[in-house]
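Just so you know, the protein sequences line up as chains A and B, in that order. All letters in the first sequence, in the order written, are residues 1 to 261 by the working numbering. All letters in the second sequence, in the order written, are residues 1 to 350 by the working numbering.
Calculated from the structure, these hints are not laboratory results. Treat the hints with caution; some may be incorrect.
Derived lysine-lysine pairs resembling PhoX-like cross-links, with alpha carbons at most 20 Å apart [stated by the list, open to error]: (1) B:K146 / A:K29; (2) B:K41 / B:K31; (3) A:K252 / A:K89; (4) A:K256 / B:K146; (5) A:K13 / B:K129; (6) B:K41 / B:K80; (7) A:K252 / B:K80; (8) B:K7 / B:K80; (9) A:K29 / A:K89; (10) A:K13 / A:K89; (11) B:K183 / B:K218; (12) B:K187 / A:K23; (13) A:K89 / A:K256; (14) B:K193 / B:K7; (15) B:K80 / A:K256; (16) B:K7 / B:K89; (17) A:K23 / A:K13; (18) A:K23 / B:K148; (19) B:K89 / A:K13; (20) B:K80 / B:K129; (21) B:K41 / B:K26; (22) A:K29 / B:K26.
On the chain A side, residues computed to face chain B include the following (Cβ under 10 Å) [to be verified]: (23) K13; (24) V101; (25) M222; (26) L259.
We put the CB at the ideal spot given by N, CA and C, even for glycine.
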Amino acid sequence: MISDHRFIANFEKYRYLLVQLIKRDIQVKYRNSMLGIFWSFLEPLLTMIMFTIIFSYIFKRDIPNFPVYYLIGRIAFSLFQSGTMGAMKSIIGNSAILRSVYVPKYLFALATVGSSFVTFLLSLIILVAVMIVTNVHFTIYVIFASLPVIVLLLMTLGVGLILATVTVFFRDIEHLYGVFVMLLMYGSAVFYPASIIPEKWQFLLAINPFYAIISCMRTVLMNGTLYNTGELLYATVFAIVSLVVGMALFYKYQNKFLLHL
Amino acid sequence: MGDIVIKVEDVGMEYNLNKEKVDNLKEFVIKFLKRELKFTKFWAIRHVSMEVERGDKVGIIGLNGAGKSTLLKVISGVIKPTEGDVSIKGSIVPLLELGSGFDPEYSGRENIFLKGSLLGYSREYLESKYDEIVEFSELEEFIDVKLKNYSTGMSSRLAFSIATAVNPQIMILDEVLSVGDAKFREKSLERMKTLLDQDVSVLFVSHTLQQVRDLCNKAIWLENGRVMMQGTVDEVCDSYERSVLLKEKIYVKKSDPKKNDVKVPVDKDIILTFNEPIKMGSNWVELLSANRVSVPLEKFVDGNKLLIKHPELQPGMRYNLHLHTGCYEDMEGNKVNTYSTGFTTEVKHE
């Protein structure tokens, strides 16, 4: 109980540090590029155009409103990818600081997830703009899109904390995870219709919690109807489990980090 | 008085000294399966207990590898001890590795806020201290320049100004800080003195016993990770001195640090000029590198000049050097004038 209180007091004390770290993370990403933060709009927009050309014209796949379909998957995937990969490197990358002054270590992981979320929020502007341009009918269900986003955020943090902890002890994870993330992108129907996957492999999508999240978002944003709550529930359970495991692992091993940095 | 701000109870810190560091999965799995994951355990410190009262200045003395740095790290919360408890009352500012946490791509201004937030200060507090920090660092003109364009001296001035702009209740020092050029060094020493004069509690590690005697009222002597002795500064320092000298079979006249002050290191080869002739014989200089391993230096003595050469010495950097000049008892049994002094010096190109 006492540690709970200390945790909150500590968080209060270092709140400004969290803001600083998030700011630094975003600045590092766009450092020395002329367009700076505008890349968080431009990049998804450009890849959207590219994939639209490839899939709508070259492969003649009929996905209704492919640009929006792709963008939803893409920005959700970016949040997960940059958040988890950033968190994975957060402890190793800040070892000089951790060695010289006491700072709650989870802040570094939290900050990278936070900065990925800020980028995500910015790219939502592009999503809304493209939705307006392509005449998507906005319904009241748009509000419900916030639930899968929250679930995605929790999942990113959870997986990020697990990776941050494990990577301190086994640096191989960094390379392994890069491959895994690519696999996840190809296995989550980010840029192709889910229907092209053969019947006998469809279960792979069904057990993929990340696909569940983007599928929920697509349903509310594109069809204007409520998603299958079972799908969301599955992703929520997965996110909470990963968060609990991540926090427990991190908490248990954080005192040993310094001996391995 | 009687108000305890730091309480260290039976603290021990254990390190695994595995010969090869296992940090990849393949090795770990193989070694795990072969049951080869044996670690040599090593206690850097053990059974250390101490109490620091408000206003106490405690010097920590001991030879290299005695566990002084580990103790400081444990107290400042950077590492968690394997066993035992540390409780701290009040805010603690470690003045160790001043420049860490700076971002070279940030301007001086941004770095003040970044570094300040790392020390746990709020934005409002840093804004209220901002002018004072900039003024003290004398970097008004350069405050919007990126830190990567700063000279070493400039960034250490900024670091010092940030670290000392606050009024901590507990301060942790590894050697007395003084940075920058001669003028700024004077100013920084003055600030250190005013900080030390306040009601602040200080933990202080130094290789210079005289500094410990000057600054501290209490001392703790560590050896091989155990507390050998703690008490008033003179008691502890006297015993320590006796023990060290006994071990090395050197008879020593008490050193007078002012007399032995180093004037200016000048050349590419470093020449240290002393106010009195250096005795030939068994004198030696140690370079205390960051991890405090002493490295023997090639040396050449001429009168009161000492020429030292070492591949690790780089111009423009500051080093902790430790000069011992000792003479063993001579043939007739005469005890010869010897001294031991530590100093920090900057290596310059001329």
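Now the hints, each set against the structure:
A threshold of 20 Å between alpha carbons decides the hint, and for K146 (chain B) with K29 (chain A) the separation of about 17 Å falls inside it, so the pair holds. Between K41 (chain B) and K31 (chain B), the direct Cα distance comes to roughly 18 Å. Compliance with the 20 Å bound is thereby established for this hinted pair. Between K252 (chain A) and K89 (chain A) the alpha-carbon distance is near 18 Å, which keeps this suggested pair within the 20 Å criterion. A C-alpha spacing of about 35 Å is found between K256 (chain A) and K146 (chain B), which places the hinted pair above 20 Å, so the restraint is violated.
Using a Cα cut-off of 20 Å, the hinted pair K13 (chain A) and K129 (chain B) holds, with the two alpha carbons roughly 17 Å apart. Under the criterion of a C-alpha separation no larger than 20 Å, the hint pairing K41 (chain B) with K80 (chain B) is consistent with the structure, at around 16 Å. Restraint check for K252 (chain A) and K80 (chain B): the C-alpha separation of about 12 Å stays at or below 20 Å, so the hint holds. The straight-line distance between the Cα atoms of K7 (chain B) and K80 (chain B) is roughly 14 Å, inside the 20 Å bound, and the hint therefore holds.
Between K29 (chain A) and K89 (chain A) the CA atoms are separated by roughly 14 Å; this keeps the pair inside 20 Å, and the hint holds. This hinted pair does not check out: K13 (chain A) and K89 (chain A) have alpha carbons roughly 24 Å apart, beyond 20 Å. Restraint check for K183 (chain B) and K218 (chain B): the C-alpha separation of about 31 Å exceeds 20 Å, so the hint is violated. With a C-alpha separation of about 34 Å, the suggested pairing of K187 (chain B) with K23 (chain A) is violated against the 20 Å cut-off.
For the hint pairing K89 (chain A) with K256 (chain A), the CA-to-CA distance comes to about 16 Å; that is within 20 Å, so the pair holds. As the CA atoms of K193 (chain B) and K7 (chain B) are separated by approximately 25 Å, the hinted pair breaks the 20 Å bound. Taking the CA atoms of K80 (chain B) and K256 (chain A), the gap is about 8 Å. The hint holds against a cut of 20 Å. With a C-alpha separation of about 9 Å, the suggested pairing of K7 (chain B) with K89 (chain B) holds against the 20 Å cut-off.
Restraint check for K23 (chain A) and K13 (chain A): the C-alpha separation of about 18 Å stays at or below 20 Å, so the hint holds. Of the supplied pair hints, the one linking K23 (chain A) and K148 (chain B) holds, its CA atoms being roughly 19 Å apart against a limit of 20 Å. A hinted pair counts as satisfied when its Cα atoms are at most 20 Å apart, and K89 (chain B) with K13 (chain A) qualifies at roughly 15 Å. With a C-alpha separation of about 31 Å, the suggested pairing of K80 (chain B) with K129 (chain B) is violated against the 20 Å cut-off.
The suggested pairing of K41 (chain B) with K26 (chain B) is violated, with an alpha-carbon distance near 23 Å, which exceeds 20 Å. Between K29 (chain A) and K26 (chain B), the direct Cα distance comes to roughly 32 Å. Violation of the 20 Å bound is thereby established for this hinted pair. Look at K13 (chain A): its Cβ gets to within about 5 Å of chain B, closer than 10 Å, so that hint holds up. With its C-beta approaching chain B no nearer than about 6 Å, V101 (chain A) sits inside the 10 Å limit, and its interface hint holds.
Hint status for M222 (chain A): violated, given a least beta-carbon distance of 41 Å to chain B, over 10 Å. For the restraint placing L259 (chain A) at the interface with chain B, the shortest Cβ-Cβ distance is roughly 7 Å, inside the 10 Å limit, so the hint holds.
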